[in-house]
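Please build the complete structure, drawing on both the sequences and the hints.
If you read the sequences in order, they're chains U and X.
Residues 79 to 388, numbered by our numbering, are exactly what the first sequence covers, in order.
Residues 79 to 388, numbered by our numbering, are exactly what the second sequence covers, in order.
Be aware that a few hints might be false.
Because identical chains share one entry, a pair is satisfied inside a single copy or across any pair of copies.
Simulated crosslink set (EDC-like; lysine to aspartate or glutamate; CA at most 16 angstroms straight-line) [as the list claims (entries may be wrong)]:
| no. | residue 1 | residue 2 |
| --- | --- | --- |
| 1 | Lys-328 | Glu-363 |
| 2 | Lys-286 | Glu-251 |
| 3 | Lys-193 | Glu-378 |
| 4 | Lys-96 | Glu-379 |
| 5 | Lys-96 | Glu-378 |
| 6 | Lys-92 | Glu-174 |
| 7 | Lys-83 | Glu-202 |
| 8 | Lys-92 | Asp-185 |
| 9 | Lys-328 | Glu-378 |
| 10 | Lys-328 | Glu-317 |
| 11 | Lys-193 | Glu-101 |
| 12 | Lys-328 | Asp-287 |
| 13 | Lys-193 | Glu-339 |
It is worth saying that the hints were derived from the structure and are not from the lab.
Protein chains: 2
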Amino acid sequence: VLLGKAITLIESTKSEHKAIAQEVIQQCLPHSGQSVRVGVTGSPGVGKSTFIEALGTYLADRSHRIAVLAIDPSSRLSRGSILGDKTRMERLSNHERAFVRPSPAGDSLGGVARKTRESIILCEAAGYDVVLVETVGVGQSETAAHSMVDVFLLLLLPGAGDELQGIKRGIVEMADLLAVNKADGDRLDLARLARREYYNALHLFPPKDNDWTPQVLTCSALEGTGIAEVWLTIGQFCEHTRPNGHFEWKRRQQARFWMMETIRAGLEILFFENPALRQHLSAMEAAVQAGEISPFQAAEEMLGQFRALK
Amino acid sequence: VLLGKAITLIESTKSEHKAIAQEVIQQCLPHSGQSVRVGVTGSPGVGKSTFIEALGTYLADRSHRIAVLAIDPSSRLSRGSILGDKTRMERLSNHERAFVRPSPAGDSLGGVARKTRESIILCEAAGYDVVLVETVGVGQSETAAHSMVDVFLLLLLPGAGDELQGIKRGIVEMADLLAVNKADGDRLDLARLARREYYNALHLFPPKDNDWTPQVLTCSALEGTGIAEVWLTIGQFCEHTRPNGHFEWKRRQQARFWMMETIRAGLEILFFENPALRQHLSAMEAAVQAGEISPFQAAEEMLGQFRALK
Numbered sequence: 079v080l081l082g083k084a085i086t087l088i089e090s091t092k093s094e095h096k097a098i099a100q101e102v103i104q105q106c107l108p109h110s111g112q113s114v115r116v117g118v119t120g121s122p123g124v125g126k127s128t129f130i131e132a133l134g135t136y137l138a139d140r141s142h143r144i145a146v147l148a149i150d151p152s153s154r155l156s157r158g159s160i161l162g163d164k165t166r167m168e169r170l171s172n173h174e175r176a177f178v179r180p181s182p183a184g185d186s187l188g189g190v191a192r193k194t195r196e197s198i199i200l201c202e203a204a205g206y207d208v209v210l211v212e213t214v215g216v217g218q219s220e221t222a223a224h225s226m227v228d229v230f231l232l233l234l235l236p237g238a239g240d241e242l243q244g245i246k247r248g249i250v251e252m253a254d255l256l257a258v259n260k261a262d263g264d265r266l267d268l269a270r271l272a273r274r275e276y277y278n279a280l281h282l283f284p285p286k287d288n289d290w291t292p293q294v295l296t297c298s299a300l301e302g303t304g305i306a307e308v309w310l311t312i313g314q315f316c317e318h319t320r321p322n323g324h325f326e327w328k329r330r331q332q333a334r335f336w337m338m339e340t341i342r343a344g345l346e347i348l349f350f351e352n353p354a355l356r357q358h359l360s361a362m363e364a365a366v367q368a369g370e371i372s373p374f375q376a377a378e379e380m381l382g383q384f385r386a387l388k
Numbered sequence: 079v080l081l082g083k084a085i086t087l088i089e090s091t092k093s094e095h096k097a098i099a100q101e102v103i104q105q106c107l108p109h110s111g112q113s114v115r116v117g118v119t120g121s122p123g124v125g126k127s128t129f130i131e132a133l134g135t136y137l138a139d140r141s142h143r144i145a146v147l148a149i150d151p152s153s154r155l156s157r158g159s160i161l162g163d164k165t166r167m168e169r170l171s172n173h174e175r176a177f178v179r180p181s182p183a184g185d186s187l188g189g190v191a192r193k194t195r196e197s198i199i200l201c202e203a204a205g206y207d208v209v210l211v212e213t214v215g216v217g218q219s220e221t222a223a224h225s226m227v228d229v230f231l232l233l234l235l236p237g238a239g240d241e242l243q244g245i246k247r248g249i250v251e252m253a254d255l256l257a258v259n260k261a262d263g264d265r266l267d268l269a270r271l272a273r274r275e276y277y278n279a280l281h282l283f284p285p286k287d288n289d290w291t292p293q294v295l296t297c298s299a300l301e302g303t304g305i306a307e308v309w310l311t312i313g314q315f316c317e318h319t320r321p322n323g324h325f326e327w328k329r330r331q332q333a334r335f336w337m338m339e340t341i342r343a344g345l346e347i348l349f350f351e352n353p354a355l356r357q358h359l360s361a362m363e364a365a366v367q368a369g370e371i372s373p374f375q376a377a378e379e380m381l382g383q384f385r386a387l388k
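Written out as structure tokens, the structure reads:
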């Protein structure tokens, strides 16, 4: 209950809440970092929610404490966003060792991602030892999720051939683990074939700097098969990257990345939310689009005005 | 000769040159915009230089005035970069109606791209009516090139099957025109097959907002075949997108984009090149990476210091 309230505080847009939220995060920081952070992505229809419920319940039943967070930039449109439907994971939501939170709302992917990133710290401080970050395969949200997790899992549909084409190559490159879901019934052979094809395709990619070879598994979230193997492989990933230092290195890089991103976002807010500059910017935009002033000259003048305001 | 000197001025990093360069661009602006700007990209080995020489010579021989510019972020490493080798296009370089310029050097893709974008304005004001912007298939350089051209041409190698997988999907999506080069000798059948496969694959993509269906052609830059058809198709693209307003709309969007990008880059320079902030930033980075302070808290403190400097 307390965790939920703390996250609500983080998600608040009220400025008086922001300072308190930062203080809470700062207090939680020394108690954070003890979980395995797992990113889960895949195209719509691949069965992400069912998979997360299956994996989460499997782990919660084995004494793990599971937090499920989400990054869904479309959540700005309505609180009932693609990943916002908590009832989809009814069994897991009601589990005493699980915490399921829909995607925060926000005006930008950066804002949504930041809130999720902060929530991870709170969940860890609250004692959750596995944090699952679900994301939709839309825009740059996988990149955002990837920048805050230890292991990145890509769910795939069974079926052969040119499937990799339907998924952005960059996302396959990000994945540490691929799982062909819906490997059940009639689709079992197809799933095995897809697994082999993905496995072969992965060999075309250059090796990762963490010296880990991405694995391809099959599973059926519906029947609960292959879920144990996914968790086993996540464990192997950690055992592989912790001794070689890459696990910690990546977390440090991620922390640095988030600092830099927050600075960049903050600079843009300072500029673009200044009323005087905004007004001038509208006029400049019109002049630039009409070809009266070069975009570079216009930018220099705007920056000059910003400096003068200082 | 004057154009070359003006571009050298733009490329200069000396601050006294920068103000003059902006003045020159501003003077050229009313005389710019009258060319067709064509982006040319493709994997290394696809024959970009040979193709550009073939297309450029074809056009220059037909009274067009051709400027060839390049965006190659690797040019920061050495002036003799991948796209810097002017001698590769010896025939075109010596043509009286052609102007060939290697990629500007720069510390960042943004800087390199900006200089190329500015050079387009100068080339147009100097009367060049076709501007070819060559780019390497590395990192985000295609995106940068795409943001400054009217038509985007992707060169491909003959060969069947899974070739689209080797090219980032986003780049195929950007292309208005695909040309399978090296369609000569033994490779003619392969090239035709590849053309058909790309054509079929393109049908899987959603329609573009300019209502233009990307075309796939074959050509041989070596033998000079198919080059006329490429130019014809570029003409058809312009005839299609000019009446529906998309041609001009895209240019206005691009101008706006460059203003915004320049503002963002300028804000980062103001922050990250401030000596006091830089020193503090190093200390903060260490604290963040050690987990002593949250990345968000660190960013807020840095931004607070920036505001105080104002």
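Checklist entry - Can you give the numbers of the hints that this structure goes against, from lowest to highest? => result 6, 9
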